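Heads up: the sequence lines are chains A and B, in that order. The first sequence begins at 8 in my numbering and counts up one residue at a time. The second sequence begins at 5 in my numbering and counts up one residue at a time.
A few of these clues could be false.
[Unchecked claim] In silico EDC-like links for lysine to aspartate or glutamate, alpha-carbon gap of 20 Å or less:
1. A:Lys-130 to B:Glu-64
2. B:Lys-144 to B:Glu-10
3. A:Lys-80 to B:Asp-224
4. A:Lys-22 to A:Asp-119
5. B:Lys-37 to A:Asp-50
6. A:Lys-140 to A:Asp-38
7. B:Lys-291 to B:Glu-226
8. A:Lys-80 to A:Asp-50
9. A:Lys-130 to A:Asp-110
10. A:Lys-22 to B:Glu-64
11. B:Lys-291 to B:Asp-187
12. A:Lys-130 to A:Glu-84
To be clear, the hints were calculated from the coordinates, so they are not data collected in a lab. Everything numeric in this text was worked out from a predicted model, so none of it was measured.
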Amino acid sequence: MSKAPASIFARALRKSPWVFHVGTSGCNNCDIEIADCLTPRFDVERFGVRLVGSPRHADVMLISGPVSTACRKPLQETWLEMPRPRAAVMVGVCACSMGAYRDAYSVSGPADKVIREVDPEAKFVYIPGCPPKPETIIAGMVKLLGEL
Amino acid sequence: MDRLGEWLFFFLIFPGIAFAVGLGLAMSWVDRKVTALVQWRQGPSAPQPFWDVVKLLGKEVILPEQAWTAGFLAFPFVAFASAALAATLTWHAALRLPGGTFGDLIVVLYLLAIPSLAVILGGAASGNPLGAVGASRDMKLVLGYELPLVTALLVAVFQHRALDGHDVTAATLSLDGLVRFQDAVGAVIYRPSGVLAFLVALSCCHAKLGFVPFDQAEADTEIAEGALIEYSGPLLALFKLTQAVQLATLPVLLVTVFWGGFQPAAWGVAAFAAKMLLVLVILVLVKNTNPRVRIDQAMRFFWGPVAGTALLALVLAQIGW
Numbered sequence: 008m009s010k011a012p013a014s015i016f017a018r019a020l021r022k023s024p025w026v027f028h029v030g031t032s033g034c035n036n037c038d039i040e041i042a043d044c045l046t047p048r049f050d051v052e053r054f055g056v057r058l059v060g061s062p063r064h065a066d067v068m069l070i071s072g073p074v075s076t077a078c079r080k081p082l083q084e085t086w087l088e089m090p091r092p093r094a095a096v097m098v099g100v101c102a103c104s105m106g107a108y109r110d111a112y113s114v115s116g117p118a119d120k121v122i123r124e125v126d127p128e129a130k131f132v133y134i135p136g137c138p139p140k141p142e143t144i145i146a147g148m149v150k151l152l153g154e155l
Numbered sequence: 005m006d007r008l009g010e011w012l013f014f015f016l017i018f019p020g021i022a023f024a025v026g027l028g029l030a031m032s033w034v035d036r037k038v039t040a041l042v043q044w045r046q047g048p049s050a051p052q053p054f055w056d057v058v059k060l061l062g063k064e065v066i067l068p069e070q071a072w073t074a075g076f077l078a079f080p081f082v083a084f085a086s087a088a089l090a091a092t093l094t095w096h097a098a099l100r101l102p103g104g105t106f107g108d109l110i111v112v113l114y115l116l117a118i119p120s121l122a123v124i125l126g127g128a129a130s131g132n133p134l135g136a137v138g139a140s141r142d143m144k145l146v147l148g149y150e151l152p153l154v155t156a157l158l159v160a161v162f163q164h165r166a167l168d169g170h171d172v173t174a175a176t177l178s179l180d181g182l183v184r185f186q187d188a189v190g191a192v193i194y195r196p197s198g199v200l201a202f203l204v205a206l207s208c209c210h211a212k213l214g215f216v217p218f219d220q221a222e223a224d225t226e227i228a229e230g231a232l233i234e235y236s237g238p239l240l241a242l243f244k245l246t247q248a249v250q251l252a253t254l255p256v257l258l259v260t261v262f263w264g265g266f267q268p269a270a271w272g273v274a275a276f277a278a279k280m281l282l283v284l285v286i287l288v289l290v291k292n293t294n295p296r297v298r299i300d301q302a303m304r305f306f307w308g309p310v311a312g313t314a315l316l317a318l319v320l321a322q323i324g325w
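With the rest of the complex left out, here is chain A:
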């Protein structure tokens, strides 16, 4: 990372990361915790985080689940649909390292490996937990924003 003062675009990116959520065959537990972040108690809109409906509008991809074989291709395609600069957050231990599904016949994750196949320069942040608490997810987002 260069030490040059960040451009206004980089500053703006840190102030308004729009998030696209991809469920890659997770158990829905992490998805519920992600939805929790938007509730009044945690309210990530304070930091400018918005959940958007189209990957074209997104800056950050939230991935939950141990990428099953069927999900592999869609995940890669969705990643390539996001405009640069882009980054991914692995929410939960399944997305980070496939967790309990590690040696299962039906998974071809973890997600970072699947994405690196199509984009070797992709940036990731890992948030372990089963599921991670909303506070942890927010802390992970903040860490990611520092690196963007």
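Assemble chain B onto chain A, guided by the hints.
Below, chain B without anything else, positioned relative to chain A:
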């Protein structure tokens, strides 16, 4: 040449692009903040809409393979330019700026319809099936709300004619004329026909802004922002800016046509700002307390009760109420 320079200043700086964008971003912050307060959240900080737009300007533009590239690139600019011009004309009349009468109600109505058309065409040009669904829904919505909106704005013109004892040819369609008329005989909204027309125009502006009961064209949860689905980076930023400029135009148009223009005095500034904010907050509160209706329900609503009310208001205005 002088006139050209003057009008370029009006269009580019005040009250056109620079002013309308700044005010529009501020008003979209008010929208988001009030939404957050309704939901017992804290909501974003004031510069948030500004950061959103700057970030989008710095992002990559992706051109979909199936898109009609020229149209896909052009329509955001068309939308933004016409919204900014509508803002210029409306604010020019509302603030009683010098430079003479320019542009009447009909021009403003056309200019306000163009952003919707640009969104429709842009969505269709993107080649995305969800974009096409969004475009077709937006088209139906435009067909629904334009008729009552025009009828409601005509109520102000008809009141002018009835109260001034003019014949048809003397009825003013210019925004300046409507402002001066309200100075003379009181605001349109203080008469029964004006109240009805204001309510009709308010609900039409609600649909024009794509706020929730009438956001079928964007419907985040069903069709992922509909017509805008394939837009990214600066092109999306232009559409967001168009929405912001419309947010800075429609409440002002309503206040100007129905509730008198800006009075050049300290209390005039406060009163004008308060009226504008009141209209905006009403829109936002309605948005936050209603579920999205189906597109056929929306059309039935606009062609049934809303158009009926607008016609009733027109008749009342005709007999001088």
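Do the alpha carbons of A:Lys-80 and A:Asp-50 lie within 20 Å of each other, as the hint requires?
Since the Cα atoms of A:Lys-80 and A:Asp-50 sit roughly 32 Å apart, the hinted pair is violated (cutoff 20 Å).
Would the pair A:Lys-22 and A:Asp-119 pass a check requiring their Cα atoms to be no farther apart than 20 Å?
Roughly 25 Å between the alpha carbons, so the hint for A:Lys-22 and A:Asp-119 is violated.
Are A:Lys-140 and A:Asp-38 close enough, with their CA atoms no more than 20 Å apart?
11 Å, holds
Is A:Lys-130 within 20 Å of A:Asp-110, Cα to Cα?
25 Å, violated
Do the alpha carbons of B:Lys-37 and A:Asp-50 lie within 20 Å of each other, as the hint requires?
12 Å, holds
Given the hint that A:Lys-130 pairs with B:Glu-64, does the C-alpha gap stay at or below 20 Å?
Distance of about 17 Å is within 20 Å: holds.
Hinted pair A:Lys-130 and A:Glu-84, Cα distance within 20 Å
Judged against 20 Å, a Cα distance of about 16 Å means the pair holds.
Holds or violated: B:Lys-144 and B:Glu-10, Cα atoms, limit 20 Å.
The given pair, whose Cα atoms are some 39 Å apart, is violated under the 20 Å limit.
Is B:Lys-291 close enough to B:Asp-187, meaning Cα to Cα at most 20 Å?
Cα-Cα ~32 Å, so violated.
Would you mind confirming whether the straight-line C-alpha gap from A:Lys-22 to B:Glu-64 stays at or under 20 Å?
Holds, because 18 Å separates the two Cα atoms, which is no more than 20 Å.
Within a Cα-Cα threshold of 20 Å, do A:Lys-80 and B:Asp-224 meet the stated pairing?
24 Å, violated
Take the C-alpha atoms of B:Lys-291 and B:Glu-226, compute the straight-line distance between them, and say whether it is at most 20 Å.
Cα-Cα ~18 Å, so holds.
Hints 2, 3, 4, 8, 9 and 11, counting from the list given before, are not met by this structure.
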